[in-house]
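Make the complex out of the two chains shown on their own, each in a separate frame, by following the hints.
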Amino acid sequence: MSTTAAKTTGSLAIETGESPGRRALRRFLEHKLAMFGLVVVVIFIAAALLAPWIAPFDPLETSWTRIRKPPSLTHLFGTDENGRDVLSRVLFGARASLTAGVIAVGGAVLIGVPVGLLAGLGGKWLDIVISRIADAMLSIPFLILAIALAAFLGPALENAMIAIAVSASPIFVRLARGMALEARSTDWVEAARALGNPIWRIGVMHVLPNIVPPLLVQATLAIAEAIIAEASLSFLGLGQQPPQPSWGSMLNSAQRFIEGAPWLAIFPGLAIFLVVLAFNLVGDGLRDALDPRSQRR
Amino acid sequence: MWGFLLRRLGQVIPTLIIVSILVFALQQLMPGDPALILAGEERGDPEVLAQIRAELRLDQPLASQYLHWIWRALHGDLGFSWRIRLPVGELILEKLPVTFQLASMSFVIGVVIGVPCGVLSAVWRDRPVDWLINGIALFGISTPNFWLGIMMILLFSVELGWLPPSGYVSPWEDPLMSLQTTIMPAFVLGTGVASVLMRHTRAAMLGALSQDYVRTARAKGLSERIVVGKHALRNALVPVVTLGTIEFGRLLAGAVLTEQIFSIPGFGKLVVDAVFNRDYPVVQGVVMATALIFILLSLIADLLYMAINPRLRTA
Numbered sequence: 551m552s553t554t555a556a557k558t559t560g561s562l563a564i565e566t567g568e569s570p571g572r573r574a575l576r577r578f579l580e581h582k583l584a585m586f587g588l589v590v591v592v593i594f595i596a597a598a599l600l601a602p603w604i605a606p607f608d609p610l611e612t613s614w615t616r617i618r619k620p621p622s623l624t625h626l627f628g629t630d631e632n633g634r635d636v637l638s639r640v641l642f643g644a645r646a647s648l649t650a651g652v653i654a655v656g657g658a659v660l661i662g663v664p665v666g667l668l669a670g671l672g673g674k675w676l677d678i679v680i681s682r683i684a685d686a687m688l689s690i691p692f693l694i695l696a697i698a699l700a701a702f703l704g705p706a707l708e709n710a711m712i713a714i715a716v717s718a719s720p721i722f723v724r725l726a727r728g729m730a731l732e733a734r735s736t737d738w739v740e741a742a743r744a745l746g747n748p749i750w751r752i753g754v755m756h757v758l759p760n761i762v763p764p765l766l767v768q769a770t771l772a773i774a775e776a777i778i779a780e781a782s783l784s785f786l787g788l789g790q791q792p793p794q795p796s797w798g799s800m801l802n803s804a805q806r807f808i809e810g811a812p813w814l815a816i817f818p819g820l821a822i823f824l825v826v827l828a829f830n831l832v833g834d835g836l837r838d839a840l841d842p843r844s845q846r847r
Numbered sequence: 489m490w491g492f493l494l495r496r497l498g499q500v501i502p503t504l505i506i507v508s509i510l511v512f513a514l515q516q517l518m519p520g521d522p523a524l525i526l527a528g529e530e531r532g533d534p535e536v537l538a539q540i541r542a543e544l545r546l547d548q549p550l551a552s553q554y555l556h557w558i559w560r561a562l563h564g565d566l567g568f569s570w571r572i573r574l575p576v577g578e579l580i581l582e583k584l585p586v587t588f589q590l591a592s593m594s595f596v597i598g599v600v601i602g603v604p605c606g607v608l609s610a611v612w613r614d615r616p617v618d619w620l621i622n623g624i625a626l627f628g629i630s631t632p633n634f635w636l637g638i639m640m641i642l643l644f645s646v647e648l649g650w651l652p653p654s655g656y657v658s659p660w661e662d663p664l665m666s667l668q669t670t671i672m673p674a675f676v677l678g679t680g681v682a683s684v685l686m687r688h689t690r691a692a693m694l695g696a697l698s699q700d701y702v703r704t705a706r707a708k709g710l711s712e713r714i715v716v717g718k719h720a721l722r723n724a725l726v727p728v729v730t731l732g733t734i735e736f737g738r739l740l741a742g743a744v745l746t747e748q749i750f751s752i753p754g755f756g757k758l759v760v761d762a763v764f765n766r767d768y769p770v771v772q773g774v775v776m777a778t779a780l781i782f783i784l785l786s787l788i789a790d791l792l793y794m795a796i797n798p799r800l801r802t803a
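Protein chains in written order, with the numbering used here: chain A, 551 to 847; chain B, 489 to 803.
Isolated chain B (complex conformation) (with noise of 0.2 Å):
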């Protein structure tokens, strides 16, 4: 077991360094010099010019930017926003609860949608229940999340007004306005988890149902109930688990569009609002945190499968 996360750690090194040299590499694509935009109005004067470009390293050689900007990166210093002269890192630090708020409301609408309906659709293979669930499934894939939020404004808000189209309230400041302010994102954010996991589950419900032990336990005569819910989804959950996991990673960073249409003012907002602004240290600094995470994530969800699968933890 330690060999195998030595060696998963050994991978992990040489990725995080690949997404730091992608991530950097992000400002050549810019067309123009960034000291013009940074001067703004003052782009006239050479002085102002020499001394933005002096700060930001742009006149030394390449190799030497990337060490500098990595070496800050490795002490938590992202550089600072362009638009409102923040650290990034402190910029992103404050957006992350909000995201990891609807994350988590997100991923338990997935769960509690998309694992039963994956149980149900697998012991009822090819029968009504299994075409409507992958049927709605299907449609869960193909809409485009950030028209179903558009789409459920004008149901929930617009024409029933059960609840504000956008805005944000923190669950510290008052629990229930919380709720009524993200349960639509989450909806709409949980629907796309929900459809993963269910077809996710299905597969590997119709794996474990054809094996062996479960024969075994139905020729014992135990009921369908034990069958399906102790022998076969105890041993379907194992890859469901770790996909859970990573899903979860792509919700707290694939809200962008969501939270941009709800208002809701967290990682996936910081980063459209950034793009508008041209402020692109925190773009930078967005890509470069979603992919720590995400790749944190992978890990964890690499330990849980060692941990639910005894069958790994001696390998």
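With the rest of the complex left out, here is chain A (with noise of 0.2 Å):
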């Protein structure tokens, strides 16, 4: 009798008692529209990782015997103004793309986030000055913010990233902040404090964990919105410099072609989309999978 009652109450443990982790990582796994975001995403990395070995051409290799040739079966996505196979363009592209995005969005949580959390935990005044400032700085738009930084630092990859990176910081700002002073109010923290833990203690062991799941979110958001910053920044010449292939240089070039060779700006520009898309989806999907008291499963 008793050895039953066990085994029903350990049966329903299990059923309920799914950790929040777990709970969430089913979630997402069920989120069909998240799946295919993910596997898009997965596919694109590995086209940026394997490109010399997938690529069917050098992607810097011109030729004059075949500028601006349509799409066809040796040529998959045609060629450019320089005879240079854009497949092969595309598929190297997306390493400037997917390391801008990535690296520049790891740059904004690595320096917005430390910053947010010492602004909601280290006191009135510095909360007041770091919050003037990150306000400051969204009040530029990201976009004219993220030109301007890389037009004063100069025409290369590494200061459009950087350019992005800082832009987006302010974000991750508010979102650390926000956590925090939440965090700040309850009576772990309060716990903490009293028993006398240094503030970056609190912050790492209390407030980071916390931060995680909302912070995952964002920044996979973020990296769709810094793959757009990386193309237009490259369309204006700004970002990954010529002749090294990234899929916002290309569209700049194939607007002067865009009566003879349309094919030269819907391929990049598809990368692009569907990239974007997929980080889209990858990260409304973390949302409803995070969220506890969101609905939709």
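Note that these hints are calculated values from the structure, not bench results. Check each hint, because a few of them may be wrong.
[To be verified] Just the calculated beta-carbon pair ranges, DEER-fashion:
| no. | chain 1 | residue 1 | chain 2 | residue 2 | range |
| --- | --- | --- | --- | --- | --- |
| 1 | B | Val-729 | A | Glu-708 | 37 to 45 Å |
| 2 | B | Arg-571 | A | Ser-613 | 34 to 42 Å |
| 3 | A | Asp-841 | B | Leu-620 | 19 to 27 Å |
| 4 | B | Glu-535 | A | Leu-820 | 50 to 58 Å |
| 5 | B | Met-518 | A | Val-652 | 22 to 30 Å |
| 6 | B | Leu-664 | A | Ser-613 | 41 to 49 Å |
| 7 | A | Thr-615 | B | Pro-585 | 47 to 55 Å |
| 8 | A | Ala-744 | B | Val-726 | 38 to 46 Å |
| 9 | B | Gly-709 | A | Asp-841 | 29 to 37 Å |
Even glycine gets a Cβ: it sits at the ideal position worked out from N, Cα and C.
The following block contains the structure:
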């Protein structure tokens, strides 16, 4: 009798006692659109990593005999104004876009989160100063700030990444600050402070773990925005420098040949669109999965 | 209400001061000596360099440079364009109406598409209409503006020949021609606004539809049209109006690449040309001006929010 009772409660505990992390993972895996996005992201990452092996041609090799040839079996995406294979350039271009997206957002998180925690936990004056600086940065439109920074730093992919990272950091400052303020009013942080823990320890041990879910969502969506920003900066000649391929600069030169060679504009743009859509889908899926209040599965 | 307004102004002023410091600091990121860039072909002449340095106060400490710069900026003097030797303030004021026209058109397109779609998808939540609208909005958010612009030129100008691919005509000169030159860029920008407004309207409507007063209205036997249109929508629109104001601010500044693609001589084209020409004072001026517009618009958004939300008026 007692053993059966124990068994029933045991199985009940397994059913209802699913850890929040596992439940979020299950909800994410069941999210069809998010899974589709994840597959697309993985395909693009694979394409970027394997570009030297899967690209049919050298992305930099020019040829006067095959200038602006429409898509064909040898050149699936056609060739550009210098006779370079567009498919190969799109594949190699994934490297610039994905690295820029991921590194820029990584940088924004590394700047934004510690500063935000400091604002939330460091006391009133620090909070006022940091919040005002974040407000000031947020009052300059994201792309204008990134363009201005990249322009003053000088044209190079690294500088574009720095510009995007700095421009995106205030969002993460706000996020981390908000979570820190919320955590500060809880009993467990109160207790930790009463025990004499220094603020950095409270930040790392007590606030950071709570930030991870919203941070993950925000970072994924920010990667989508950063990829568009990198393409925009490269389009303006402020990112990846020619002849190295990047989707943005390919679109820029494609614009001049839009009448005779539309494939030059279609494929790089489609690549940007797909990868941005994929990151947005993953981000939305993560938000639905991680938000315990959301009813949608 | 006055207390709130004063507090809000108390936030705006430090924010503006910090923006001005950031904009001034941009100059320090510049590799190389600005005097050398400005001197151009006369860079070998130390007298010319010394004269430029004195003129720009590059020979003085940073704090004094900043104070001088901000003092002049407060008097509407944002310096001279290095390239075309015109006052930056004049250049900005000259381009502003063009961008304003484009932003207004985009905003109208965005509201006309975005708000009704948001309402429809909230009312028919989790039905095919909702999925379709959400799908289109996701496409709208994921498509880079400049690519959409190029694709529209390809379709409507190159293939169909309906619209001119680029250029700009002022509405005072020829209203019809002006519409033809701006409708494509306005649509490109409008789709982005529509997607954002749709998502927010949907969320606000879902919130409003789950409220008690909506249930009461339904229980009274009011028609669904009145419940949705009068009770829910009016309340849902409050946050949407605020957001719309801020989106308008973003349009004024965010048209950078779209203006470039359609060769619309507005704000965005000004900053892009300045970047190409390494015309740094113009870049600084535009950043400062967009931030100012944005801050003013968020202030207006807050005031509007108070004006349409009676609960806040007494607070």
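State, for the Cβ atoms of A:Thr-615 and B:Pro-585, whether the hinted interval 47 to 55 Å holds or is violated.
holds (50 Å)
I want to verify a distance hint. Is the separation of the beta carbons of B:Val-729 and A:Glu-708 within 37 to 45 Å?
Given range 37 to 45 Å: holds, Cβ gap about 42 Å.
Does 22 to 30 Å hold as the CB distance between B:Met-518 and A:Val-652, or does it fail?
Between B:Met-518 and A:Val-652, where Cβ atoms are some 28 Å apart, the hint holds.
Cβ separation of B:Leu-664 and A:Ser-613, checked against the hinted range 41 to 49 Å
holds (46 Å)
Go ahead and decide if the range 19 to 27 Å is satisfied by the Cβ distance of A:Asp-841 to B:Leu-620.
Cβ of A:Asp-841 to Cβ of B:Leu-620: about 24 Å, so the range 19 to 27 Å holds.
Within 50 to 58 Å or not, the Cβ separation of B:Glu-535 and A:Leu-820?
holds (56 Å)
Is it true that the C-beta distance of B:Gly-709 to A:Asp-841 lies inside 29 to 37 Å, as the hint says?
With Cβ atoms ~36 Å apart, the hint holds.
Would you say the C-beta atoms of A:Ala-744 and B:Val-726 sit inside 38 to 46 Å of each other?
With a Cβ separation near 42 Å, A:Ala-744 and B:Val-726 satisfy 38 to 46 Å, so the hint holds.
Taking 34 to 42 Å as the hint, is the beta-carbon distance of B:Arg-571 and A:Ser-613 inside that range?
Because 38 Å falls inside the window, the suggested range holds.
In summary, the structure agrees with every hint in the numbered list given earlier.
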